[in-house]
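First to last, the protein sequences are chains A and B.
Numbers -2 to 152, taken from my numbering, label the letters of the first sequence in order.
Numbers 474 to 591, taken from my numbering, label the letters of the second sequence in order.
Hints should not be assumed to be uniformly reliable.
Straight line, CA to CA, 25 Å or less: simulated DSS-like cross-link-like pairs of lysine-lysine [stated by the list, open to error]: (1) B:K508 / A:K58; (2) B:K477 / A:K77; (3) A:K90 / B:K550; (4) B:K484 / A:K77; (5) B:K520 / B:K492; (6) A:K92 / B:K477; (7) B:K568 / A:K92; (8) A:K92 / B:K520; (9) B:K550 / B:K520.
Honestly, the hints are just simulated from the structure, not real lab data.
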Amino acid sequence: MTYSNFSYETQGNVIEELFSSLSKSMKNAFSAYKKELLLESIQTKTFKLLQPIDRATSELKSFRDMIALYYINDIEVDSKVLNIFYDDLEESKDKVECLLDEEAFTKLSPVIGDRLHIALEELYVELVNISFDISLKIGESCIGSESNYHFLEEA
Amino acid sequence: MEVKATIIFLKKLDALIAKGILSSAQYRHLRCIYKKEPLHHKIRPHKIQCNKHDTIVSLSIPNTQIRLLVLILCKPKKAIFVWIGKHREYETIIKDKRNCKKITFNCDKSQTENIVSA
């Protein structure tokens, strides 16, 4: 798939499908983690959690490329789409941040704990960067166009 | 100077206030200083030279771990608050070289040289 002239107007369905797929992956990652935390056998099962976390991370990397090439045609329409995605990202980012500070890691064996921590750290980095990309994308489109400038508010 | 903010910035600001990480008074204090004196030492304006010609400008809210990233245009003089967040997120953003090129900073050198480089 090529990202030339990629925008909500031309590729709306594709974007929605991708958002929905990412959202599902993120939910799977977190629900799996929560369930597993309750089990005493967490040590042996932790590796199973790595798969959805790594999958979510790699999907986010693709999304970052997509956001970089996303062209805002109509700030009213595009910002609504990006806002919905942004809210999901922020919610996920807060959850990952809590997990990273979780003391449970210290109870895991160093190898498993470290691997899980690294996977979550990578996920966190992608979430932060995409949130930033979206913030900036909207800012740049407002400052770069007189018709979009009204979309800004008083600081 | 005209200072605006994106809706996403204001949304994130509200979230930080709701979580008790930042008070609205602390934010108003920064905004007040910035409008009067964008280079005031209290808000620690920093240029982060991340690539050869690219710069990120950051501000700090006094006595907090909260950082702001600002998009600045000099002609006409405008500032847009585009991002706000915790120091942990800020560190993540400035470490990534891909983020550098996106911050527009089209001021003449003479107009920006007073901002301290990190």
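Each hint, compared with the structure:
Taking the CA atoms of B:K508 and A:K58, the gap is about 37 Å. The hint is violated against a cut of 25 Å. Simply put, B:K477 and A:K77 have alpha-carbon atoms about 19 Å apart, close enough for the 25 Å limit, and the pair holds. The suggested pairing of A:K90 with B:K550 is violated, with an alpha-carbon distance near 34 Å, which exceeds 25 Å. With a CA separation close to 13 Å, the supplied pair B:K484 and A:K77 stays within the 25 Å bound.
Simply put, B:K520 and B:K492 have alpha-carbon atoms about 29 Å apart, too far for the 25 Å limit, and the pair is violated. At roughly 30 Å between alpha-carbon atoms, A:K92 and B:K477 are farther apart than 25 Å, so this suggested pair is violated. Restraint check: the Cα-Cα separation between B:K568 and A:K92 comes to about 22 Å, which is no more than 25 Å; the hinted pair holds. For a cut-off of 25 Å, the pair hint linking A:K92 to B:K520 is broken: about 31 Å separates their Cα positions.
For the suggested pair B:K550 and B:K520, the alpha carbons sit about 17 Å apart, so the restraint of at most 25 Å is met.
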